[in-house]
Amino acid sequence: MGKFIVKRVLGLIPTMFVIVTLSFFMIRLAPGGPFSSERKVTPEILANLQHKYHMDEPLGMQYLRYIGDILHGDLGPSFKNKDFTVNQLIGSSMPNSLVLGIVALAIAVVFGITFGLLSAVRQNTWVDYSTMSVASIGLAVPLFVVGPVAVLVFALKLKWLPTSGWITGRQGWKTIIMPAMTLALPYFSSIARLTRASVLETLRSDYIRTARAKGLKDSVVMVKHVLKGALLPVVSYLGPAFAGIVTGSVVIEQIFLVPGIGNFFVKSALNRDYTMILGTVIVYSAILVVMNLIVDILYGILDPRISYK
Amino acid sequence: MKKFIAPAAIFLAALLVTGCGKKAASKGSEMIIENGAEPQSIDPTQIQGNVEQRINAALFEGLVTTDPKTCKAVPGVAKSWERSADGTILTFHLRDTTWSDGTPITAQTFVDSWLYLMAPSTASPYAYMPAMVIQGAADYNAGKADASTVGLRAVDDHTFEVKLVGPVPYAVDMMTHYSFDVLPMHAIKKYGKEWIKPENFVGNGPFVLESWVPQEKLTVIQNEKYWNKENIFLSRLTFLPIDDMTTAYNKFKNGEIDWNTTETFPLGMLDEVKLRDDYQVYPNLAVYYLALNNDNKTLKDVRVRKALCESLDIKELVSKVTNGGQLATGAFVPEMAGYTPADGVKFDIADAKKLLADAGYPDGNGFPKLTYIYNTSEQHKKIAEWLQQQWKENLGIDIVLQNMEWATFIAKRQAHDFDIARDGWIGDYQDPSNFLELLKTESGNNDGHYVNPDYDALLEKASKMPAGEERMKVLHDAETMMLDRDYAVVPMYIYVTQNLIDLNKWEGWYSNTLDLHSYTGIKLKK
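Keeping their order, the protein sequence lines are chains X and H.
All residue numbers for the first sequence refer to the numbering used here, where the first residue is 223 and numbers rise by one.
All residue numbers for the second sequence refer to the numbering used here, where the first residue is 94 and numbers rise by one.
For the record, the hints were derived by calculation from the structure and aren't laboratory data.
Predicted model only: the values in this text are computed from it and were never measured.
Where a beta carbon is used, it is the ideal one built from N, C-alpha and C, also for glycine.
Any given hint could be a false lead.
[What the hints assert, rightly or not] Here are a few chain H residues that sit away from chain X, every Cβ distance over 12 Å (derived from the structure):
no., residue
1, S214
2, E309
3, I335
4, R396
5, K408
6, K447
7, R506
8, K619
[What the hints assert, rightly or not] Stretch-level coverage of chain H by chain X, calculated; a stretch enters the list once three of its residues show a Cβ under 8 Å from a Cβ in chain X:
no., stretch
9, 344–357
10, 419–429
[As the list claims (entries may be wrong)] With the Cβ distance kept under 8 Å, some of the chain H side facing chain X (calculated, not the full set):
no., residue
11, Q139
12, Q141
13, N143
14, A238
15, G285
16, N293
17, E303
18, P307
19, D337
20, T340
21, V374
22, V567
Chain X on its own, in the form it takes in the complex (with noise of 0.2 Å):
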């Protein structure tokens, strides 16, 4: 097992690499630049800029100062929020990502998982019809609807909540309610699901009978056997959800002002902004090859029939 995680981590580098490099290439693809603006600037200035940030230099010039600088853990500065260097600014919006998401998975969790094994063991009742309802729903209703309604209702008409900010200020906690619901609800819907199709096989699966043959008590066999074996779509599904989930949501963010990773991702791509742009596609890329590794290495714990070679 060590030996396979040593293999993996390993592995990692060549992967980062290829993505680093590939990205780097196909943001300078894309029309427009980082200087590009509604007023020309005017092509001394324009020379200046390009001075300023290595621009002017060969691209593949350009390409071995960017692998140097990051080999320091240095991402460099941002074309568009200058004042800030991408260390800095995924610094900052990390962790609030990281909390929201959390927040969010952990709610998308427990209630998906209860509710997805109700339903599936009270199959076709008013359970398992109004879970699958909901879970539909919310995977088929967008969150930019979904947020919207509930600031109407919850901030608008009730005055429950405060309509959209962040924990740091002043509306505190209560902030963080309605974007870790509203970014839940999706991820709610696909692991209830999941854990019911999931669950109803395994009810019907030989080791289970057995079980049940031993004479074991229903909630021993539900909980040591079905549960642990039904978890295993899960957990898979749970390795890019989690990656999706904390490296941000745009439209969760614009909504609810969560000063999050998410909205760098769309706008750093939209404004240009490359160093931006390669810091947020390293860090997505990191997190999701990680928590893949990790999924990995819960599989054979969940699972006696994976063995790591």
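Knowing the structure of chain X, use the given hints to seat chain H on it.
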């Protein structure tokens, strides 16, 4: 019971804390401002745009600042100024004032600041403004001459002399712009790039930087050293970077912000917003127009360009499509004091049809498929669809619509790689030349590539003339030539500024043509 009391007390305390916080935010002399987006920078040498300008007006002050109603220059660090007889030398008399850390601001500080902003190594995107009007500045900024050739001089601590490239009548008004700010050179020397961080910050405006959390908020508090602090009634300003207009509007409706600076409301929201008492709308010094590619073989024909112009009922556009109080215009330059815009384009379908027939396209037959490009936005899309329909109905021609994301759009437009493109210009200062210079042959913003040496000559002539009617007449003639004779662009409408602020609650805030708001005099009504 005890078990119950402790959590209840904590809950109550939390409620009180959050409750009190809310009260302080909307009352007192704090002002919470929805500022549109995350500022790109607060360093005056690096900023561009309204988002940054609103913060800059709180933190810095140049020689002159803007009158809150007219946007004309009023004394700032300079208490008075005069021009030489030929109009080319401006002498400013500075007041005794200091930076927020107590360091004096002298004429030499201005010389050093402006040279720093214009230095090629600073790479200031707005250096072209001082470079346009100060003698020797353009060459210095381009790295072709050294600092000693720039027409700036500290005569003594309180007298600052600026040599201009000509009489430039609008020079002093132009100096209200942030590219003419004074900079704390001592702090820049000491802290380098980090000088704008809250712990190092030094400014000379009515406020100083208190905190800045990217994407969350930027707050400023009163500058105790500001020379005019008796007229500052706000203790703190909080700037919230809100991109999403619905979010901003909801926050405003819920009383969570005091001033919503949203520049253009989405069409779907406008009907509701317009009915509000706190909706402030005012004509802006800005024009929405269409760039026609003058190099395109169809559009090269002035009859075609004129037909495209004359076949649009712009009044219908502003009343039915944009619907936000925009003013239909046939002219390119918005109205401003002392200037009469060109007669401009008139809506005349019969003439447009005749012109198109004369050009070889009777009833639009044989007219090539031209493409209209615009950057993706709900408003631009509605306008594009309206244009397509008008040209189809009135001239029988088909125009293809193509939307693209912003950076691609700008790159295409600036490369003249289009047939017809959405375009616009927001004035920096109140002089017609600010608009007309766009269409000079060599201008980087001459997107449609209009080439007319006579037009260039008229603008060149005006640039050497002193202020007055004669100069305005020359500029009027230039606009008339470009529009009424050459139909180089299609003027559409004059923008409006759209702000939400309750003027029954706040006084000292005024709508104005440049949408520039100084914080002096703004206070809560009693």
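Status of the hints after comparison with the structure:
Distance check on S214 (chain H): its Cβ comes as close as 7 Å (rounded) to a Cβ of chain X, failing to clear the 12 Å threshold; non-interface status is violated. Against chain X, the non-interface label of E309 (chain H) is violated: not every CB pair exceeds 12 Å, the least being about 4 Å. A cut-off of 12 Å between C-beta atoms contradicts the statement that I335 (chain H) is not in contact with chain X; the least separation is 6 Å. At roughly 30 Å from the closest C-beta of chain X, the C-beta of R396 (chain H) stays outside 12 Å, upholding its exclusion from the interface.
Distance check on K408 (chain H): its Cβ is at least 27 Å (rounded) from any Cβ of chain X, clearing the 12 Å threshold; non-interface status holds. The beta carbon of K447 (chain H) is kept farther than 12 Å from every beta carbon of chain X, the shortest such distance being approximately 36 Å. Distance check for R506 (chain H) against chain X: the nearest CB is about 9 Å away, which does not clear 12 Å, and the non-interface claim fails. Listed as outside the interface, K619 (chain H) is consistent with that label: its C-beta sits roughly 25 Å from the nearest C-beta of chain X, beyond the 12 Å cut-off.
Coverage of the stretch 344–357 of chain H by chain X holds in this model, with 4 residues showing a Cβ closer than 8 Å to a Cβ of that chain against a need of three. Counting residues of the stretch 419–429 of chain H whose C-beta sits closer than 8 Å to any C-beta of chain X gives 0, which falls short of three, so the coverage hint is violated. Using the Cβ-Cβ criterion of 8 Å, the hint placing Q139 (chain H) at the interface with chain X is satisfied: the shortest such distance is roughly 5 Å. This hint holds: Q141 (chain H) has a C-beta 7 Å from the nearest C-beta of chain X, less than the 8 Å allowed.
At a threshold of 8 Å, the smallest CB-CB gap from N143 (chain H) to chain X is about 12 Å, leaving the interface hint violated. Residue-level restraint check for A238 (chain H) is violated (minimum Cβ-Cβ distance to chain X is 12 Å; threshold 8 Å). The beta carbon of G285 (chain H) comes no nearer than 12 Å to any beta carbon in chain X, farther than 8 Å, and the hint placing it at the interface is violated. Hint status for N293 (chain H) relative to chain X: violated, with the closest Cβ pair at about 12 Å, above 8 Å.
Because the beta carbon of E303 (chain H) sits about 14 Å from the nearest beta carbon in chain X, more than 8 Å, this interface hint is broken. A hinted interface residue such as P307 (chain H) counts as satisfied when its beta carbon comes closer than 8 Å to some beta carbon of chain X; here the least separation is about 6 Å, so the hint holds. Taken as an interface hint, D337 (chain H) checks out: its beta carbon lies about 4 Å from the nearest beta carbon of chain X, inside 8 Å. Taking 8 Å as the C-beta contact cut-off toward chain X, the hint placing T340 (chain H) at the interface holds, the least distance being around 5 Å.
The interface hint given for V374 (chain H) is broken, as the beta carbon of that residue sits about 23 Å from the closest beta carbon of chain X, more than 8 Å. With a least beta-carbon distance of about 25 Å to chain X, the hint placing V567 (chain H) at the interface is violated under the 8 Å criterion.
Checked against the numbered hints given earlier, this structure breaks hints 1, 2, 3, 7, 10, 13, 14, 15, 16, 17, 21, 22; the rest are met.
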